[in-house]
Amino acid sequence: MLRVDNIHTFYGKIEALKGISIEVNEGEIVTLIGANGAGKSTTLKTISGQLHPLHGTIEFLGETISGMPSHNVTAKQVIQVPEGRRIFPQMTVRENLDMGAFLRTDKDGVAEDMKKVLELFPRLRERLSQKGGTLSGGEQQMLAIARGMMASPKLLMLDEPSMGLAPVIVDVIFETIKRLNEAGITILLVEQNAAMALQTAHRGYVLETGSIALQGSGAELLRNEQVRKTYLGEV
Amino acid sequence: MSHPDFSDCRVLIDPAPPRCHASHITDGALVSVEFGIIGQQLVNGLTLGGMYALLALGYTLVYGILLMINFAHAEMFMFGAYVGLFTLQGLAQIEFFTSSGPALLLLYLLTFLIAMVATGILGVIIERFAYRPLRHAPRLAPLISAIGVSLFLQNAALLWISSRSIPFPVLFEVRTFRVAGANISSMQILIIVTTIVLMLILDTFVSRTRLGRAMRATSQDRDAAGLMGVDINRVIALTFFIGPALGGAAGIFSGMYYGNIKYNMGFIPGIKSFTAAVIGGIGNLRGAMLGGFLLGLLESLAAAYISTGYKDVIAFGILIVVLIFKPGGLLGESVTEKV
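Sequence order for the protein chains is X and S.
Residue numbers are given in my numbering: position 5 of the first sequence equals residue 5, and the series is strictly consecutive.
Residue numbers are given in my numbering: position 130 of the second sequence equals residue 130, and the series is strictly consecutive.
Chain X extracted, bound-state conformation (with noise of 0.2 Å):
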């Protein structure tokens, strides 16, 4: 479904990414794990349009979507619910919801898909006209993904949705993760909490300073030595 080919992408003169090569199946659910900056928000930055890699190709359904700008990538429901949430915070969490619906024109399917994240979302009902800074940051990430469910993805890619949570919050986002991917959509998950991406995904892949070191299945790199060392601090 995704295909990233041998990308590399640079800040300025500094290369982030020297070489990526990922592929996502369809129902997959597929992980990238690796310590901060070793380039894993950057790869989906770069899948997401708000980066170009300078070489290299990314292809979804075998269309060539790197070089786009982002908005042509989301036309193409590739959709990214980014690093810290990013919700509009002087918008209310109606209007959060209608920015992820911002390109469709099926006003039925918006409809139905907004009582649909208000079902798996049950607190975001409660607080709709509320301002989206107002939320506390679970249920800012739950409206994060809810506004990307808005835009009825077929590739939904998150970034760290677990970042800054209480643990009991982190399961229900995990819970979250599994129950879309049931429902049918393919996901790409970037994770710092490895033990519990590695659990959900089908398949991982573990970066290191803008490279691939190891990828697998999630069982497999659970049992790896070096991932049990490197991400899941055993000695």
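Derived from the structure by calculation, the hints contain no laboratory data.
Owing to the predicted nature of the structure, the values given are computational and were not obtained by experimental measurement.
Check the hints yourself; a few may be wrong.
[Claimed, not checked] Now the in silico label distances, taken between C-beta atoms and shown as ranges:
{"id": "1", "chain 1": "X", "residue 1": "Leu103", "chain 2": "S", "residue 2": "Ala156", "range": "39 to 47 Å"}
{"id": "2", "chain 1": "X", "residue 1": "Asn72", "chain 2": "S", "residue 2": "Pro327", "range": "33 to 41 Å"}
{"id": "3", "chain 1": "X", "residue 1": "Thr105", "chain 2": "S", "residue 2": "Asp203", "range": "20 to 28 Å"}
{"id": "4", "chain 1": "X", "residue 1": "Gln90", "chain 2": "S", "residue 2": "Arg175", "range": "43 to 51 Å"}
[What the hints assert, rightly or not] Stretch-level coverage of chain X by chain S, calculated; a stretch enters the list once three of its residues show a Cβ under 8 Å from a Cβ in chain S:
{"id": "5", "segment": "64–76"}
{"id": "6", "segment": "178–188"}
{"id": "7", "segment": "204–212"}
We put the CB at the ideal spot given by N, CA and C, even for glycine.
We have chain X; now place chain S onto it with these hints.
For chain S alone, coordinates are given in the frame of chain X:
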């Protein structure tokens, strides 16, 4: 060389005595004289404030989206006035437009429409060539570029049109109404009402329409708006259309109100309107409207009760006081911490 200064009390082509000083000839009682002055200055202040507010909206719109102060915005005021004048003169050649009341109304509507669209297009062109290439440059660069554009436009008007004031004709009869000791001209009513209508249209557009929502989203978080599918460049271009269009309308009002226009007419109102935007809370649309009217009223009242010479001192003194106690401006939102 005289700047057209908004808060002067000037006679238009109406035969009534100068508005500000009209009150001392009011019938009898001192109370009525006092009220006359206040009422007069309130109307004058609202007229002036309406122009400030229209111009202030352009500063605040652009700041809200690009966090940049568009110093060339004052020139939109001047450009709008010139296009308005030439359009008015051109269309007035056609006999039909001066043949009846409704036709005259149509003439003015067309004048405003053409001048606003032309100024809006100028704004879009300026953004495209003077600011967009500097979007990722340090923040000082587009600021300098804006000052350059401002100087360029002023000098272009000076060179290609005239270095002197040009009279701005008024093609309809300006009537003066006497309300509670104050003289209110139909011109003032026209300016105040049209200003408020334009603001209501803008407010509705921004809060209710899909594109307006895209503008708000872009101003709150540009990258996130892009991820929602908003074409950021289009939103920025739209912003640079709307702001200058409103500023251009304010320029025509100024020409109609004061009876003449000049190549550097934007400078003082530009600084004042920027002040108004800051008082209201820069980036906040309703703040710019409030700040504009407030500044106009304060200036007019200060001119009447203290001294015309002190009106700017008062106005900017108030800016300082507002900023000391509410650094974000009157309606400015407290800065939300981003984690």
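Hint-by-hint comparison with the structure:
1. X:Leu103 x S:Ala156: 39 to 47 Å: holds, 41 Å
2. X:Asn72 x S:Pro327: 33 to 41 Å: holds, 40 Å
3. X:Thr105 x S:Asp203: 20 to 28 Å: holds, 26 Å
4. X:Gln90 x S:Arg175: 43 to 51 Å: holds, 44 Å
5. 64–76: holds (count 5)
6. 178–188: violated (count 0)
7. 204–212: Three-residue rule not met by the segment 204–212 of chain X, so violated; n is 0.
The structure is inconsistent with the numbered hints 6, 7, although it conforms to all the rest.
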